[in-house]
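Colleague: Read top to bottom, the protein sequences are chains A and B. Under our numbering, the residues of the first sequence are numbered 1 to 659, in order. Under our numbering, the residues of the second sequence are numbered 1 to 217, in order.
If you're looking for bench data, these hints aren't it; they were derived computationally from the structure. Just so it is clear, CB atoms sit at the ideal spot from N, CA and C, and this is done for glycine as well. Take these hints with a grain of salt, some might be off.
[As the list claims (entries may be wrong)] Label-pair restraints from in silico Cβ distances: (1) A:Tyr-642 / B:Arg-82: 45 to 55 Å; (2) B:His-27 / A:Gly-623: 35 to 45 Å; (3) B:His-27 / A:His-171: 45 to 55 Å; (4) A:Ile-471 / B:Val-182: 53 to 63 Å; (5) A:Ala-648 / B:Leu-117: 46 to 56 Å; (6) A:Ala-648 / B:Gly-95: 42 to 52 Å; (7) A:Leu-631 / B:Ala-60: 45 to 55 Å; (8) B:Gly-95 / A:Ala-175: 47 to 57 Å; (9) A:Trp-633 / B:Leu-117: 25 to 35 Å; (10) A:Arg-24 / B:Leu-117: 57 to 67 Å; (11) A:Tyr-642 / B:Leu-117: 23 to 33 Å.
[To be verified] Quick look at which bits of chain B chain A covers, simulated, 3 or more residues with Cβ under 8 Å: (12) 106 to 116; (13) 134 to 143.
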Amino acid sequence: MTLLLVALAILGASGVAALAAGRRPRLATALGAGGTALACGLGLFPAAAALAGGPPEHVRAAWDMPYGSLDLELDALSAFFLLPIFLLGGLAAVYGAGYLRPHAGRRNLGLSWLFYDALVGSLVLVVLARNGVLFLLAWEAMALSSFFLVTFEDHREEVREAGWTYLVATHLGTAFLLALFLLLGREAGSLDFRDFGAHGPPAHAGALFLLAVVGFGAKAGFLPLHVWLPEAHPAAPSHVSALLSGVMIKTGIYGLARTLTWLGPPPAWWGWLLVGVGLSSGILGVLFALAQHDLKRLLAYHSVENIGIITLGLGVGVLGLASGAPLVAALGFAGGLLHVLNHALFKGLLFLGAGAVLHATGTREMDRLGGLFRRMPRTGTSFLVGAAAISGLPPLNGFASEFLIFLGALTGALSLPLAGATTCLAALAGLALIGGLAAACFTKAFGAVFLGEPRTGETAGARDPGPAMGIPMAVLAAACIVVGLLAPAGAGAIGSAVAALVPGAHGLPEHVQTGCAALSAATAVGGVFLAAAAGVALLRRAVLRGRPVASSVTWDCGYARPTARMQYTSSSFAAPLVEMFRGLLRTRLRLEATAGRFPGRASLATETPDVCREGLFAPAFRGVARLLGSLRWLQQGSVHVYVLYIAATLVALLVWRLA
Amino acid sequence: MTSGADAVLAGVAVTNFWLLGASRLGHSIRVTAAQGILLGFLPLLAAGADGGALSLRVLALVAASVLLKGLLFPRLLFRGIREASIRREIEPYVGFTTSLVLGLVLLAVSLGIGTRLPLPHRPVSTLAVPIALFTMLSGLFLIVSRRKALTQVLGYLVLEDGIYAFGVLAVGEIPLLVEFGVLLDAFVAVFAMGIAIHRIHREFDHIDADRLKVLRG
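Same shape as in the complex, but just chain A (with noise of 0.2 Å):
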């Protein structure tokens, strides 16, 4: 506990030091990333001991602020998620001192490793704190420190437009998430999170929940209150895009299962409802994301998805639990849990890999981009590597969690009775749709950015960047296929997690042990394979050896002068399941066809806007502006007047009160 203090207190001084060296960008970098990731390699020690087994560590001081505490708390819980928080927030911070250099001179990069220092910092007090004020006053400051991150462009009008959805979105949430401590701490008589639900399980559970679900889900990202995060995930520099959508959408799935230890036994319906969320998050994600063209906002939408597959894995769990099936329970929660920390990896490292695109042709429009894998042949690795693991195949990490999650909802299938069954079979239809899915999102993805040949002149003359930025992909990439085979043998330190999750039900670690077992073989098979194709790699290169070997362009199938125009392009590629889901997606298409024998010009264009945010928010802030528009004579512009609306409020109180 005393490293994590030691940590917090290096990240307010380096974000400190680095606002004052504001003038001098290498010095502010310098200080900004360095104590970042010297924070972070800190932090990791403690994390990691509580995580083998160690016994929760408390610290507690006195705090001026009216039901406040300085409360703070270290168990396998808040550990398990610590791990992404400082793993990612130091390899972010180390590619964000790349990827910012073009940026030197122009802003005030001081004052963007200020806030970044801020946003770790406020990340690892959430998951440490254990009063509601504490909780909620870290809460505010991460949701506050990103929105000035998210902004960093803010000369560009749609960086603007989408820092402003993300801040009306958080405080939406934060609304409900008020509402959920006031509530627990009058029962409770305190904010201290150790005497909510101490007596018992509070009296309106399922309400408590339901604000939970809400407040939390509008941070995690849960359909349809996800609307945030296609729009500022992009917009954002990528270290902060890696680090917001790898990481702090996370803090939802926290304060949810953070939630959950307090509220007692759940009831099968918070079970329905969670695998509910999740199918139609992680569904409708993968959909968007297959209709995307831009590639960073495409990786949003798979972090919606994500998260559909992380709270599908919490619902069966706490379907398990309502049922009384302890292993499908210890199942879905390992696995979820384990996704939170597989998806900060692979799309920390793709958000990261997007962004060294971006760094190097300029541009996020996968139909601008292509041939760059023998560009950038460092970065495509990298990218292929996350891509692999998103898509959830073996060995890689994705594999490994979303293979618990499966084999969660197919035990309760089979154990469960009829009405858990039916949703635990969804789940397992869901999942295995999600799955494929997103496999083909990543090859179109992957294809029309990283194969093919370049469509444009900036794609052409792109490099793989510096090693600051190449290092933190790297070991991202490898973090992702050492967890994925590793993640048999993590067991216990998943098993301690679940075990904190569901404080008093006895025997869970052990059955995860169950399933991590089950999981070696797979991943054992997936490794085989592995290795059987790596063996065919060296068996041609063994036979080529010595033999001439030509290469040719990649679309030469007669043509007497074939351009990169001729490739697939994403959207081509991605078409024909669009096209099935077009009742979903609602995709806009601006056609103008071929015409006559000798036909001239043709063009197309698609845009899918976000339903939920055209069909759903949209209107609902239009509604309320117009109800305030009403109010549009108030405002006259006249200092006269409003002293008089001063005046007048001041007289009508007093003569109220007094008269």
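Using the hints provided, position chain B relative to the given structure of chain A.
Modeller: For chain B alone, kept in the frame of chain A given last:
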């Protein structure tokens, strides 16, 4: 000494009416200064009424407020007039006669409210709270009903006078820091508005606050 405080308060009420009926800018500035000086001596009377000795604290406060309100502010405001070459006429939205009648109404309201306001301890004079309220309301009324930015500064000064009177007479033990804080606030306000008026004049060639409407969102 209560009679002394009462006399001062009556004088303040008279200056309020005077301001409501005044049509010349320079005249208004002088009356506001006179009101400031009158109120500046109030702490002396209040301390005397309590039977306490005249502490250094009270003397410092009296000196500071008389100097600021009686000398410095009028000087700044006259300079503002000169530099912005404003027409020395007050342009009211509400005519002077109507202003005076409304002033009477405000006084009646203040008397009505002021006697009922619950206070931690008895004020020095029964007139204290009503007159203080009346001064505040007159200040607000001046801000609302006069067109020029400079008259608005005067309005804020009158408002501040009201707050000051309330503080000295009704609450009694305001910490020194707060009293000086209020004075400092007023000083900065006058200073800032003087500069702002100058700038607005240079930019738009007039200082009519009502014509700043084009800036609204």
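Colleague: Could you tell me whether the CB distance from Leu-631 (chain A) to Ala-60 (chain B) stays inside 45 to 55 Å?
Modeller: 48 Å, holds
Colleague: At the C-beta level, are Tyr-642 (chain A) and Leu-117 (chain B) separated by a distance inside 23 to 33 Å?
Modeller: With Cβ atoms ~26 Å apart, the hint holds.
Colleague: Does the Cβ-Cβ separation between Ala-648 (chain A) and Leu-117 (chain B) fall within 46 to 56 Å?
Modeller: 19 Å, violated
Colleague: Quick one: are Ile-471 (chain A) and Val-182 (chain B) within 53 to 63 Å, going by C-beta?
Modeller: With Cβ atoms ~60 Å apart, the hint holds.
Colleague: Within the region 106 to 116 of chain B, is the number of residues with a Cβ closer than 8 Å to a Cβ of chain A three or more?
Modeller: Contact hint for the region 106 to 116 of chain B vs chain A: holds, 4 residues under 8 Å.
Colleague: For the pair His-27 (chain B) and Gly-623 (chain A), does the Cβ-Cβ distance stay inside 35 to 45 Å?
Modeller: 54 Å, violated
Colleague: Given the range 47 to 57 Å, decide if the beta-carbon distance of Gly-95 (chain B) to Ala-175 (chain A) lies inside it.
Modeller: 49 Å, holds
Colleague: For the range 25 to 35 Å, tell me whether the beta carbons of Trp-633 (chain A) and Leu-117 (chain B) fit it or not.
Modeller: Since Trp-633 (chain A) and Leu-117 (chain B) have Cβ atoms about 34 Å apart, the given range 25 to 35 Å holds.
Colleague: If you count the residues of the region 134 to 143 of chain B with a beta-carbon closer than 8 Å to a beta-carbon of chain A, do you get 3 or more?
Modeller: holds (count 4)
Colleague: Is the gap between the beta carbons of Ala-648 (chain A) and Gly-95 (chain B) within 42 to 52 Å?
Modeller: 20 Å, violated
Colleague: Determine whether the Cβ-Cβ distance between Tyr-642 (chain A) and Arg-82 (chain B) falls within the hinted range of 45 to 55 Å.
Modeller: Between Tyr-642 (chain A) and Arg-82 (chain B), where Cβ atoms are some 29 Å apart, the hint is violated.
Colleague: Confirm or reject the claim that His-27 (chain B) and His-171 (chain A) have a C-beta distance inside 45 to 55 Å.
Modeller: With Cβ atoms ~52 Å apart, the hint holds.
In terms of the numbered hints stated before, the structure departs from hints 1, 2, 5, 6, listed from lowest to highest.
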